[in-house]
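Let the sequences and hints guide you as you build the complete structure.
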Amino acid sequence: MAETVFKYEGSTPEQVLAELAAKCGLLLTEVGFYQYLDSQDELAHFRDQFSFPKLTTSPGVECDDAENENCVYFCGNSLGLQPKSTKEHVQKVLENWEINNISCHVMGHLPGITCDNYVRDGMANLVGSSQEEVVVMNGLSVNLHLLMVSFYQPTKKRHKILLEEHAFPSDHYIVMSQIQQRGFDPEDSMLFVKARPDEELIHIDDILDLIEKEGDSIALIMLPGVQYFTGQVFNMEEITAAGHRKGCYVGFDLAHAVGNIELYLNKWEVDFACWCTYKYLNSGPGCLGGAFVHKKFAKTKMPKFLGWWSHKESTRFEMSNDLDFSCGVESYRISNPPPPLLVACILASEIFDQTSVRQLREKSFLLTGYLECLLKHYFSDISDSTTATVEILTPANFSDRGCQLSLRFSCSLKEVAEKMTKKGMIFDIRQPNVMRVAPVPLYCSFHDVYRFVNALREALST
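Numbered per the UniProt record's numbering, the sequence shown spans residues 1 to 462.
Since no wrong hints were added, every one of them can be taken at face value.
Here are the simulated DSS-like cross-link-like pairs (lysine-lysine), alpha carbons at most 25 Å apart as the crow flies:
(1) 301 <-> 267
(2) 422 <-> 54
(3) 246 <-> 295
With beta-carbon atoms standing in for the labels, derived distance ranges:
(4) 60 <-> 180: 37 to 45 Å
(5) 376 <-> 42: 25 to 33 Å
(6) 24 <-> 295: 42 to 50 Å
It is worth saying that the hints were derived from the structure and are not from the lab. C-beta atoms are modelled at their ideal positions from N, C-alpha and C, and glycine is treated no differently.
This is the structure in structure tokens:
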């Protein structure tokens, strides 16, 4: 988990890609350049561990491509691809239940009583924490509710929750309902940090200034690590420090951050965080969520909802009804974990154990950077395009973004999206005119980027 110098520190993706192209005697737009980049990709072998949607079977695709059988999948920021090993290992869990029945709780493939412990090391590595600070349980929204029972303790003076304007709807609803449940009015207690007029991104200085100004009335700061719509990374270390200086608890929704950017939650002194595992961690639709509580709270008595899994494992089955608390984040576990879902999370973390988020970020520097360069070349307002322009809403600074680019079109997006889908391009749309594309470095290639941009050029020219 130690931080080392980033491979491309001090450079922009455009600079590095231009240098590589010059070294090869190629233009960034040439076929040979994506082929060169793919040939140099040390992580390319991970692609073979995932099942890609096929041109012949994917909904909406009408494409006869003799050179490619797979779709271009740029939707891992919404739902990750299925690892090829998932089906086999889920089947082993089901067979353990079938063969060993009640004994599957204590024996066989992934015993039910202890199965959630197997994933904790991997998750801890992904978020920059110790094993004792993380658990996998429930779903993201449920976990946020559970942790806010402890970390949102409003008073007449300090009752506000700071979140970003246009937060992901579930986060907005969670904050609103938590405030209402405590007897306060969301109109008074929801404090929004906003983008400046005619801008999409939120300035870190505006967040810090608002914390400084309103901090004495803020009970909780609850922001995303990566904003879902724009792909903007928030500086969690600075936000946490600013919040703590004003006496606020600080938590983060890391749905778009875990597996996408480097995290050091323990070092940053983040109080709590929650995330899902079905985006960049590839565990499957609606799979379990993760939760982090800093070890400084391990023995702190805080209000929380309890269940039998909050009890220490060593004495849980004595059934004494005398609560023998687990420490820290373990005490937030309420129910016994589901092995068929845990196995998918374990497989996901094992794939990440074969590399590091730092290595993935270094590939993403080039991969998303390559996409950015091609988009600017063909579709920016200074290009020769006579059809439409594509504006990149996501920050240009690599440290301020993950792998996702959010693209705003100057034309109607509906027809463009239909044409792209027919060509086997998979992405998602946020109304009215934003396309989110995420070349996930774990399984996407430079060829994928080249195909995507060519499909977009064709869609915009017809």
